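Chemist: Please put together the full structure from these sequences, using the hints given.
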Amino acid sequence: MVRIKYVKKLEDLQENVIKMGNSAMRSIDDITKALKTNDSTLAKKVITNDDEIDKLDKLIESQCMSLLALEQPMAGDLRVIATSLKMITDLERIGDNAQDIAEEMLVMDRPIRVAVSEEMFDEMLRNVRSMVADSIKTYAQGDVEKARTFKSRDDDIDSLYKQLVNDFLNTVADGSCPPESVRDIASIIFIIRYLERIADHAVNIGCRVIYMVEGERRYLR
Amino acid sequence: MDKKIKISVKDLNLYFGSFQALKHITMDIPEHEVTALIGPSGCGKSTFVKTLNRMNDLVDGVKITGEVNYNGINLLDRNTDVVALRKEIGMVFQKPNPFPKSIYDNIAYGPRVHGIHDKKRLDEIVERSLKHAALWDEVSDRLHESALRLSGGQQQRLCIARLLAVGPDVLLMDEPCSALDPIATAKIEDLIWELKQEYTIIIVTHNMQQAARVSQSTAFFLLGEMIEFSPTVDLFERPKDSRTEDYVTGKFG
Numbered sequence: 364m365v366r367i368k369y370v371k372k373l374e375d376l377q378e379n380v381i382k383m384g385n386s387a388m389r390s391i392d393d394i395t396k397a398l399k400t401n402d403s404t405l406a407k408k409v410i411t412n413d414d415e416i417d418k419l420d421k422l423i424e425s426q427c428m429s430l431l432a433l434e435q436p437m438a439g440d441l442r443v444i445a446t447s448l449k450m451i452t453d454l455e456r457i458g459d460n461a462q463d464i465a466e467e468m469l470v471m472d473r474p475i476r477v478a479v480s481e482e483m484f485d486e487m488l489r490n491v492r493s494m495v496a497d498s499i500k501t502y503a504q505g506d507v508e509k510a511r512t513f514k515s516r517d518d519d520i521d522s523l524y525k526q527l528v529n530d531f532l533n534t535v536a537d538g539s540c541p542p543e544s545v546r547d548i549a550s551i552i553f554i555i556r557y558l559e560r561i562a563d564h565a566v567n568i569g570c571r572v573i574y575m576v577e578g579e580r581r582y583l584r
Numbered sequence: 605m606d607k608k609i610k611i612s613v614k615d616l617n618l619y620f621g622s623f624q625a626l627k628h629i630t631m632d633i634p635e636h637e638v639t640a641l642i643g644p645s646g647c648g649k650s651t652f653v654k655t656l657n658r659m660n661d662l663v664d665g666v667k668i669t670g671e672v673n674y675n676g677i678n679l680l681d682r683n684t685d686v687v688a689l690r691k692e693i694g695m696v697f698q699k700p701n702p703f704p705k706s707i708y709d710n711i712a713y714g715p716r717v718h719g720i721h722d723k724k725r726l727d728e729i730v731e732r733s734l735k736h737a738a739l740w741d742e743v744s745d746r747l748h749e750s751a752l753r754l755s756g757g758q759q760q761r762l763c764i765a766r767l768l769a770v771g772p773d774v775l776l777m778d779e780p781c782s783a784l785d786p787i788a789t790a791k792i793e794d795l796i797w798e799l800k801q802e803y804t805i806i807i808v809t810h811n812m813q814q815a816a817r818v819s820q821s822t823a824f825f826l827l828g829e830m831i832e833f834s835p836t837v838d839l840f841e842r843p844k845d846s847r848t849e850d851y852v853t854g855k856f857g
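For the protein sequence lines, the chains are A and B, in the order given. FYI, in our numbering the residues of the first sequence are 364 to 584. FYI, in our numbering the residues of the second sequence are 605 to 857.
Honestly, I wouldn't trust all of these hints.
Unchecked claim - Think about it this way: if two alpha-carbon atoms lie no more than 20 Å apart in a straight line, the pair counts; the simulated SDA-like pairs of lysine to any residue are: (1) K844(B) / G505(A); (2) K371(A) / G854(B); (3) K372(A) / D850(B); (4) K844(B) / R581(A); (5) K855(B) / L373(A); (6) K372(A) / F856(B); (7) K371(A) / K855(B); (8) K691(B) / V770(B); (9) K855(B) / R366(A); (10) K855(B) / Y369(A); (11) K855(B) / R581(A); (12) K368(A) / V770(B); (13) K372(A) / E849(B); (14) K371(A) / F856(B); (15) K855(B) / E374(A); (16) K691(B) / H736(B); (17) K855(B) / V576(A); (18) K844(B) / R442(A); (19) K371(A) / D850(B); (20) K844(B) / I367(A); (21) K844(B) / A445(A); (22) K855(B) / I367(A); (23) K372(A) / K855(B); (24) K368(A) / K855(B); (25) K855(B) / Q435(A); (26) K368(A) / E849(B).
As the list claims (entries may be wrong) - Covered stretches of chain A (chain B as the covering partner; in silico rule of three or more C-beta atoms under 8 Å from a C-beta of chain B): (27) 366–372; (28) 425–437; (29) 440–451.
If you are wondering where the hints come from, they were derived from the structure by calculation, not from laboratory data. Please read these numbers as outputs of a predicted model, since none were measured by experiment. Cβ atoms here follow ideal geometry from the backbone N, Cα and C, with glycine treated the same way.
Modeler: See the structure below:
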């Protein structure tokens, strides 16, 4: 095989993207657990973990620019680099959104006593977590079929988001929410919004993977 | 919108003795565009280009079948006036080959051969051709100096000007920048970009980045076959054939 050094650089790049994906995934796992167990220590860990994600973002961008400048990649290799360059922005935002959720958690007084479905909230957490995990897998495995499922899964998350926000707002409107919990309701709505945005970033990753593998640009949202 | 086709090649086969150098080539070359031909050494791209102006006729034992249709006629027909053809479809080679004459006489040579002897007219042709080849400003004050005193890049632009002086329609360029430094190469590439507005250009190049920079369509040749012919951006971003992918990513062999 020729261009051994170049092939190794491409492999290193992809490994780092997966590493960044795994780091973002850890943040998602930790914040999910923190929300369920009201664990503020874990929430603080999510905030500090964001530094690792940001460092990888800069490293990977630098690797991409170096490959573009020095190796003149073409075809499939060029699409891998272009995809990686776009994808790290989404992963970095996923990390930021997880951090935002942690920060909201830390200012809340828990528990909140309102009649809104905890099951629906748990379902949203599970679905978002699963989409992020799958988005990283689609990149690692080039799985376009899995990437093509992201639109309908995101639609389900969007429905849950709208329903939950509506239900929480109704508790304020109809007076069933105690006045001292209104601030926390706002925080929960922000959290749900960040979760919905995390899912959107996973969909973006899916689009980029389809382009990487097939060379066609698809907009799944 | 459909492109206007300048040269239409149909099932072109070429043999040097028993060796088949070109195999079933079919492609339509668009007008007023730069078409690049890429591929490894010995793949047939220079042989293909030389077929378009019947330069291969000069090789003993060559046999060519198929059609090369240009302006409604098949160039391969035995009745084709190859001198007139080479005026219409001119060629620039890898190594600049100025005649051992003055700059002026290099450019005026072709028009004189075609019967133009009026000095005023020749002066106009020389100036126009040198301007067209982006060389006039550098040589206008020394037209009667030897062309051999020019730099490599200037000599190549002189060869292009010499070609333009006879009023061609199609320009064939066989690795025109291989012998040139990066700055001279950049000047030729800029010139190619300008010239395509008036001419149809076919360029053979080993330099894929050059093909990517200057051309609108690119054909990949391999072992005498044309494997893929696409808009340049598509061929280099998402080639259809795995052999093209292997070549453009440099993982060939």
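Chemist: Looking at the structure, which of the earlier hints fail to hold?
Modeler: Hints 11, 12, 20 not satisfied by this model.
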